[in-house]
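This is what each chain is made of:
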Amino acid sequence: MEDLTRRRFLNFSGAALCTLAIPALAGLPGEVHAAEDDIRGNVFRGDGPRTLWPWSREAMDYRSLDAGRVVCGLCPHRCNLAPGDRGICRARVNFQGRLFSLSYGNPCAVNLDPVEKKPLFHFLPATRAFSIAAAGCNLRCLNCQNWEISQARPEDVRHRELFPHQVVATAAAAGARSIAYTYSEPITFYEYMHDTAQQARAAGICNLLISAGYINPEPLRRLCAVLDGANLNLKSFSDAVYRRLNGARLEPILETFEILHAAGVHLEITHLVVPGYTDDERMVDQMCHWILDRLGPDHPLHFSRFYPKYKLDRLAPTPVETLARFRRLALDLGLRYVYVGNVPGHEGNHTYCHHCGSLIIERRGYLPARNEMAAGCCRFCGTRIPGVWPDGQAAGPPV
Amino acid sequence: MQEAKSVRAVTAIILSAGVGATVTQLVTTREFLAQFSGNEFVIALNLFGWLAAGGLGAWASRLAWRKRYPERDALGLSILALVMAVLPLVQMMAIRLLRDRVFLPGSSVGFHATLGFILLTGSPYSFAAGYLVPRALGVLRRLDPAATAVRAYVLDNAGNVIGGLLFAFVLVWWTSPLSALVLSGLPLLGSAVELLRLRGHRWPGLLVAAGTVMGIFIGGLAWEADSLAHGRGRLLHYEETRFGRLTVHRDQDQVTLFRDGRPSASSHDPAAAEAAVHYPLALCSRPRRVLLIGAQAGMLGELDKYRLEEVDYLEIDPAAARVHFAFGLLRPIAALRTIAEDGRAFLAAGGEPYDAIVINMPEPDTFQVNRFFTEEFFRLAAGRLGPGGVLGFSVQGYANYLSEAQRMKLSVIRATAGRHFAHVRLLPGERVHFLCRQTPMALDIPERLAAQGIVTLYVGPYFHDEIDPWRIAQLSDQLAPDAPLNRDMRPHLVRILFDAWFEKFSTSPLAFTLVVLLLGAGWAVRMSAVQYVLMSTGAMLMGGMILSVFAFQVVFGYIYHQLGLIVTVFLAGLLPGAWWAGRSRIDPRGLLLMGDLVLIGLMGGFVGLLAWDPERLSFAVFAVFGLLLSWACGVQFPAAVRVGGEGLGAAASAFGADLLGAALGALLVSVVLIPCLGFFHAAGLLTAIKLSSLAITGGRRWKT
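Going down the list, the sequences are from chains Y and B. Quick note on this note's numbering: the first sequence kicks off at 1 and runs consecutively. Quick note on this note's numbering: the second sequence kicks off at 1 and runs consecutively.
Heads up, some of the hints might be wrong.
To be verified - Dumping the calculated EDC-like pairs for lysine to aspartate or glutamate here, alpha-carbon to alpha-carbon at most 20 Å:
hint	chain 1	residue 1	chain 2	residue 2
1	B	K504	B	E404
2	Y	K309	B	E404
3	Y	K309	B	E363
4	Y	K309	B	E375
Hints listed in this document are in silico derivations from the structure and should not be mistaken for laboratory results.
The shape of chain Y in the complex, shown without the other chains (with noise of 0.2 Å):
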C-alpha cells in the first residue's frame, strides 16, 4: 500500500475542499439572502431567449448604449442589458439591441375577485375586479405570496392568451367593473397593462393597479393618465428593511405615492406587519406621519396581518393585537381611515365615518353586509366620504 505523503494528502484536501466550494459557487449566492443587507440581485446574464415569442413587446421605457446595450428605464433598478441579458424582474430582455417585454397578453393567472380582496375597500364597494398577472417581479420578498410567479421567467409558467382587447372583452362578459393588474408585480408587464388600461377605459371599466410601486416618475405618470385606482403596499418606512426583505428602496417608493397622489388617483396604502421586521411601532409612527404630511389624511390604509409564507416560514403570525394598536395609533395621528387586513371578523374591517364615528361600512367577509352611505355620503351626518362609489362620483377630498 503506499504511503500517504504531504504532497497526497494536500492534492486530497484541496479536492474535497473544491468539492465543499462548490455550493458556493453553485447555489449558494441564490439561497443566503439572509444575512445579505441587499437582496436586490442582479441581471441575469445571457438568460434571454434565442427566439422572441408571440408575447413580446418592444418596451416603452429603454435608452439604447453601444454596442447594443440597453438600459431599462421602468423602474430604479435601470438594468443595464447587453445583448441576450435578462433583467432584474425576468420579464424584459435586452434582444439584439431592442429592449422587449416577454408579458404581453399572456397571463399566468386571471381570476375574479371581490374589489375588496385587493384591499380596496373605498372604490365600488361589492363590484368584482377582473384580476390578471403575467410572470416576473422585480422585487424579491422573502414572504412573497405569489413567488410562484413573481419569482419565474414568462417561459417557465403556463399562462392564456389574453391580449388586451381580449381582456377588456372577458372582464365585460364576466360583469367586472374594473380590471385589477396585480398579484406579481404589474410594473413588470407594464405596456401589456397600459394598453389595455387604454382600451378598457374606452370600454368604461376601471382600471386598478395593485404593486409594491417599484417604479420610475415617467412610466408612472403616462400610467396615472388611464388608472383608476391603486393601492400599493408600503412594505416598511425603513430602506435597510427594504433592501433585506424586499430587494428594493424606500424613496422611489414614496415618490410613487406622492405621484399617484398628485394625478388625484384613487389610492389605498397596504403595510404588511411583519413580527420582527415591519412592526416596530417608532417606524410606523414615522409612516403615518410621512402619509400624512405628504399625502393627506383621507387614503385608507390597511395594516394586514402576516402568516408565514414562501421562504419566511418560520415566524408566527403577526399578533392581532399589534394590528389592532397600530389601527389606534394611525387613528390617533389623524389617518382617517385605517383598517385591519387578513383578520376575520375584527372591527378593524368596517368603515367608520370619520367626522361621526358612525359605522357606514360593515363588512361581513369581503362584501359589505351593511353599508349607511348614500351618495358617497355618510347617511348619519352627510359628510362625504373619500373613494370612489357605486352611483358614479367619485368623491374627493371630505367637506
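We have chain Y already, so just place chain B on it with the hints.
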C-alpha cells in the same frame, strides 16, 4: 505498571470518544432537523458531512505520528480528547447562535445553504472524531506494540454502540440536547485527565484543564433555554420529546406553538380551524362520532358546535396534546377522548365507524407524513367511515397560480384518494382542502351551516368569495387525469415535494452530487482493492441504514425515539463481526468474499420483505437486518487490515476508506436514489456496488 495504566487510559479515550461521537451525531441530527427544513435531505447532508469529515480526519492522522516523540503523542491525544469533550457543546451553541446570524431570522434556506452551514458547524468535530482513533492507535502502539488496528476499531465501535444505547434508553427520555452532550462528554474528559496524570503532568495544570472544560459545560447548560427564544416573543415552554422539539412563545396576547422551529398552532387563527372542521362536517347530515388525527388551534371549539357524542383526538406525541391544552390552543370538550397513538395504527386496529375523519398533518415532504397520503392510508380511512362519512384534510395550496409541482401534488393526491373514495372534491385556496366521500357532495357549506345555526367568522362570510366556481373550475381543469398513485413504498408525493423545495430556492442538488460522486469514482479507481472493498462496505452499511431509517418511517411513522436504536443496531454487529474475524482462521480474502456475499443476500432479503408487506414488518425485522448487516461489515474490516497490512498508514487508510465510503453511500442513497428512484432501486444500486466489490474479492489479483 505505569505503561499498562496508560494503555487503559488510551483505551478509555477511544471508547469514550465512540460514546460521545454517536450521541453527538444523534443530537446534532435532531438539531439540524429543528433548525432547517426537517426533511430527509437534512438527515442526508448531516450524515454526509459527518462521515466525509471523519474520513478526512482519519486520513489526516497518517501525517501526525511521524517525527513525533511518544510523550508528545500522549499529550497531543489528551489535549485532543479534552477538546473533543467540549466541542459538541460548542458546536451546538454555534449552530443556534449562527442560524439567525448567517441567515435571516425566521427564514428557511435551501439545499446549498443548509449544506454549507452543516459543513461549517459540524465538520470540526467529525474531523476530530475521525482523526482521533488512528491517532490513539499510534499512541497505543508506542505503549503496547501488540495493539492492532482491529482493537481500535472494536473499541471505537463498542463506544458507538454504548452511545447509541445511552441515547435511546436514557438521554432521549430525560435530558435536553445540551445536557446529553455534556453527559456524553464527561467520560472523555475523565479519561483525558487520567492519561495526562499518568504521563506525569501535574495536578494544577490538570485542574485548570478540567475546570475549563467544566466551565464550558455549565455555561452551555445555563444558556440553553435562552438560545431558543430569539425573536419569537417570550418563551413560555420548551420541551424535547421523543418526537421532536416543542416550544411555546407568547407575543402580546398571542400564543404560538412551534414544532421543530416551525409555527404549528397559533391562537387567534379561527380561519384555519373553521375550514378544517366545517368543510367536512357540514357535509355530514347528523355527525355523532369524529376522529381527529392531529389538531389545529381552536378545532375542538368548532367541533363542539355540532354537539358530538364522541371525538377521538389522536396525537402521536402525548406531549404535543398536553401543550395544546396547557396553553389554551385547544379547549377540552365533553365528548373528547385524547389518545396517544399513531393514526395509521389506530385505524388499522379497527373499531366503530366514524362520521368524519379529519386529518391535520404537515406537508407530506417526509416519509413519515407521506404515509397519511398513500393508497394504503386511504384504504384504511375509507374502511373506518360509516355511510355518508367524510374524510377531510388539507395541504398547502396556492394564492393565484398553480405551479407545476403543486399541480402534480394535488393530482397525485386526488388520484390516490380516488382509488378508495367514489367522490373527491378539492377546494382551492392557500390551503387546498380535500373532501372525500362515497356519495356525491354539493359545496353549499355556508348554507348548510346557516341551516344548522352554526355561526362562523370565516367559513360563512368568506367561502363563496374565496372558493368561487371560477377558481374551482380552473383547479379542476388543470389537474392531471393520469397522475400516478402515491404508495408507502413508492412515495411519489415525497419526490414531488422535494422538487418543489428545490424549485422554491431555485437550486438543485445535481451539481454537488455529481461532483462528489465523480471525485469518489476517481478516488475509487486509484485506491487499492482492499480499500475499494472497505469503501463499498461503508457505502452498503450507511446506505442500508438510511434505507432502514426511511422504511421505518414509512411503516411506523416516527423516527426520533427509534433513531438511536436503529443507529445502534447498525453499529452493534460491527463489534462481534470484527471480534470473530480477528480470531478466525479463515483466509482474510475468504472472509472478504463471505462478507460481500452475506451483505448482498441480506439486502435482497430485506427488500423482499419490504416488497411483500411492509405493514407486517416489526421493529425486530429492522433490528435483525441491522445487526446482520453490520456483522458482515464488521467481519470485513479486520480481514481487510490483514490483507492490506498492519502498518499505521494502512490502518488509517482503512478507517478513511470505510468512512468516506459511508459518506458517499449516505449521499447517494438519500439525496439521489430514494427521492428519485424509490426504495427498491436504491437497494438495487447498493447491491450493484457490492457486486463490483465481490468481483474484486472473487478475483485472484490483489493490489494492496
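For each hint, the structure was consulted:
no. : hint              : result
1   : B/K504 <-> B/E404 : holds, 12 Å
2   : Y/K309 <-> B/E404 : holds, 18 Å
3   : Y/K309 <-> B/E363 : holds, 14 Å
4   : Y/K309 <-> B/E375 : violated, 29 Å
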